[in-house]
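Residue numbering for the sequence shown follows the working numbering, beginning at 83 and increasing consecutively.
No lab work stands behind these hints: they were computed from the structure.
The beta-carbon is built from N, C-alpha and C at its ideal position, and this holds for glycine as well.
There could be a bad hint or two in this list.
The calculated label-pair distances, taken between Cβ atoms and stated as ranges, are [unchecked claim]:
no. : residue 1 : residue 2 : range
1   : W384      : P158      : 19 to 27 Å
2   : V356      : S172      : 22 to 30 Å
3   : S393      : Q123      : 39 to 47 Å
4   : K170      : N241      : 25 to 33 Å
5   : G133      : D380      : 37 to 45 Å
6   : K402      : S172      : 37 to 45 Å
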Amino acid sequence: MTRFLFILFANLFLFSSVCAETLIQGKPNYNNIDEWLVFGQKHLRRAYRMGGAGPYAFDCSGFTMYMFKELGISLPHNSVEQSKIGEKVSQKHAEKGDLVFYAGSKGSSIGHVGIIYEVNSDETFTFIHASTSQGVIIDSSEHSYYKSRFKQIRRITTNEEIADALGIKRRKNSSKQDSEEKKEHNRGKEEKEQVAQDEPSVNNEIIPEPSKDEQHIDKQRGAKKGLKGRLKRKNKRNKEVVNDEPKNDGNVVVVPEKKDTSIVVEPVEDTIAVTKHIVAKGETLYAISRKYGVSVEDIKQWNGMKDNALSIGKELIIKK
83 MTRFLFILFA NLFLFSSVCA ETLIQGKPNY NNIDEWLVFG QKHLRRAYRM GGAGPYAFDC
143 SGFTMYMFKE LGISLPHNSV EQSKIGEKVS QKHAEKGDLV FYAGSKGSSI GHVGIIYEVN
203 SDETFTFIHA STSQGVIIDS SEHSYYKSRF KQIRRITTNE EIADALGIKR RKNSSKQDSE
263 EKKEHNRGKE EKEQVAQDEP SVNNEIIPEP SKDEQHIDKQ RGAKKGLKGR LKRKNKRNKE
323 VVNDEPKNDG NVVVVPEKKD TSIVVEPVED TIAVTKHIVA KGETLYAISR KYGVSVEDIK
383 QWNGMKDNAL SIGKELIIKK
């Protein structure tokens with residue numbers, strides 16, 4: 083009896099290992115998770131349709147099924163069944179490309195699924211999914227609707243498995259090379275910090291590098307002084323005195339010369355356009371930043387925000 087149970091468990095273990103190794107059955111169309119997520123981003127705003135599996139309309143499990151098909155992986159068209167595949171991981175160890183599951187709107191069981199798009203340092207993340215109200219969209223794990231319905235995260239595949247499926251040979255002694263590259267990176271970082279410490283400072287504060295606007299003003303001043311010096315040297319050689327100094331007319335410097343000739347230096351105007359954005363239902367800071375081509379941190383700084391929380395109707399200032 084004991085021998086029979088041993089053989090049974092050994093066969094089950096072998097079967098599960100084979101299944102894990104053969105999860106990628108077809109040839110992936112992308113080399114890694116990042117390339118694959120860029121493909122998914124191209125489907126933003128595609129319509130939601132119950133039973134839809136792409137490429138122009140999706141439901142939530144239809145979208146994830148469509149995406150993983152691009153990696154040669156066949157998933158069932160059902161969020162509950164998808165939650166039984168792969169390896170369960172904690173939110174602390176979540177990575178790009180993992181499946182994230184939420185309870186449905188009418189109960190506590192799993193009823194919605196998406197793909198983790200970006201992981202933040204504070205263990206929050208954004209995920210791309212097919213929502214019933216807005217179609218394919220990127221949302222935040224901190225959105226109150228999803229935060230209260232979070233169920234679990236599962237890992238279906240990794241970059242290493244994709245590389246194996248594509249037949250990409252790994253470098254020999256890759257761990258040793260990675261260690262050397264990490265040491266080289268840290269060495270370069272230490273050198274930069276040492277250079278920063280050697281820079282002149284005032285009251286123990288390192289003098290920052292001048293901004294582009296300050297550099298532009300310095301160039302204008304240098305040009306003005308240079309023109310003034312050349313005029314004086316020229317007048318000294320000709321034994322003439324020119325009383326007309328370069329005139330500063332607003333932002334334009336005009337230097338009079340003989341024969342009614344003038345030199346004009348026109349600075350480049352630096353204008354900043356300010357746009358006001360009203361937050362709509364379902365919008366996230368990430369989605370708004372993508373819309374205007376700015377970063378999430380810029381939006382938070384412009385509006386004095388300490389976190390990513392948004393409220394419908396909130397007015398945001400966008401600078402470009």
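Evaluation of the provided hints:
no.	hint	result
1	W384 to P158: 19 to 27 Å	45 Å, violated
2	V356 to S172: 22 to 30 Å	42 Å, violated
3	S393 to Q123: 39 to 47 Å	26 Å, violated
4	K170 to N241: 25 to 33 Å	19 Å, violated
5	G133 to D380: 37 to 45 Å	40 Å, holds
6	K402 to S172: 37 to 45 Å	39 Å, holds
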